[in-house]
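Participant: Listed here are the chains, written in short residue letters.
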Amino acid sequence: DVKVTQSSRYLVKRTGEKVFLECVQDMDHENMFWYRQDPGLGLRLIYFSYDVKMKEKGDIPEGYSVSREKKERFSLILESASTNQTSMYLCASSLSEVLLGQPQHFGDGTRLSIL
Amino acid sequence: DAKTTQPTSMDCAEGRAANLPCNHSTISGNEYVYWYRQIHSQGPQYIIHGLKNNETNEMASLIITEDRKSSTLILPHATLRDTAVYYCIVRVGGGTSYGKLTFGQGTILTVHP
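Quick note, the sequences are listed as chains A and B, same order.
As numbered in my numbering, residues 32 to 146 make up the first sequence, in order.
As numbered in my numbering, residues 386 to 498 make up the second sequence, in order.
A few of these clues could be false.
[Stated by the list, open to error] Ranges of calculated distance between the beta carbons of each label pair, as one might list FRET restraints:
#1 B:414 - A:82: 27 to 37 angstroms
#2 B:402 - A:85: 38 to 48 angstroms
#3 B:452 - A:84: 27 to 37 angstroms
#4 A:101 - B:430: 24 to 34 angstroms
#5 A:70 - B:438: 29 to 39 angstroms
#6 A:82 - B:438: 40 to 50 angstroms
#7 B:452 - A:49: 45 to 55 angstroms
#8 A:40 - B:490: 21 to 31 angstroms
#9 A:51 - B:459: 34 to 44 angstroms
#10 A:144 - B:393: 22 to 32 angstroms
#11 B:438 - A:117: 21 to 31 angstroms
#12 B:498 - A:98: 39 to 49 angstroms
#13 A:110 - B:461: 40 to 50 angstroms
#14 A:102 - B:487: 42 to 52 angstroms
[Said to hold, decoys possible] Interface residues of chain B toward chain A, partial, derived using beta-carbon atoms under 8 angstroms:
#15 414
#16 417
#17 419
#18 434
#19 436
#20 457
#21 461
#22 465
#23 488
#24 497
If you are wondering where the hints come from, they were derived from the structure by calculation, not from laboratory data.
Every residue, glycine too, gets a C-beta built ideally from N, C-alpha and C.
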């Protein structure tokens, strides 16, 4: 089974802090994604990566950055946390899109609260 | 990506089959149908996907109509743990697709004893 592991289920940080969310997958997937999920707004893509050291902006990249130094690990960084970044953060991974129809597999999410 | 329409909520008795419909009348030829579910406070769980043919795995079956304008997810023997929000998503499955998933409102499935 595909396993996508997010480092924390719950996290509480203060405004202005630099926050790191870590995600590791064990299936040698090329693609990795960071989403946030908010009530009434659904799932929104922040960043994704299709290879090591490669990254692409999603729909809402402002205030975030990412790092992918190794294939299995994709980190989301909140440069200076703000209260409007309080949300559920979801990491996902999938095989390359060249292989048609590959589904994305999600971690359990990190519920981040910024005080 | 094609728009999907799902019922807001459904009920099912434990042990019975749960049949969740999804309409996607504007689906294109290269778009796949994916089903995910999300239990409260957990990440979405991939269930099954298909292009044209019916598909079955250890979790569920996916029935796609011949014109591909609608599909049905079947949970053959629903249990209380199947209570969740079920999302039907239609998107291009490969090539240079953007890659993102967009969840609609989904169907709240409640399995009762």
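Participant: For each hint, tell me whether it holds in the structure or not.
Facilitator: Structure-based check of all given hints:
no. : hint                              : result
1   : B:414 - A:82: 27 to 37 angstroms  : 28 angstroms, holds
2   : B:402 - A:85: 38 to 48 angstroms  : 44 angstroms, holds
3   : B:452 - A:84: 27 to 37 angstroms  : 44 angstroms, violated
4   : A:101 - B:430: 24 to 34 angstroms : 25 angstroms, holds
5   : A:70 - B:438: 29 to 39 angstroms  : 36 angstroms, holds
6   : A:82 - B:438: 40 to 50 angstroms  : 31 angstroms, violated
7   : B:452 - A:49: 45 to 55 angstroms  : 52 angstroms, holds
8   : A:40 - B:490: 21 to 31 angstroms  : 25 angstroms, holds
9   : A:51 - B:459: 34 to 44 angstroms  : 41 angstroms, holds
10  : A:144 - B:393: 22 to 32 angstroms : 29 angstroms, holds
11  : B:438 - A:117: 21 to 31 angstroms : 43 angstroms, violated
12  : B:498 - A:98: 39 to 49 angstroms  : 47 angstroms, holds
13  : A:110 - B:461: 40 to 50 angstroms : 48 angstroms, holds
14  : A:102 - B:487: 42 to 52 angstroms : 26 angstroms, violated
15  : 414                               : 12 angstroms, violated
16  : 417                               : 5 angstroms, holds
17  : 419                               : 6 angstroms, holds
18  : 434                               : 5 angstroms, holds
19  : 436                               : 6 angstroms, holds
20  : 457                               : 18 angstroms, violated
21  : 461                               : 20 angstroms, violated
22  : 465                               : 20 angstroms, violated
23  : 488                               : 5 angstroms, holds
24  : 497                               : 25 angstroms, violated
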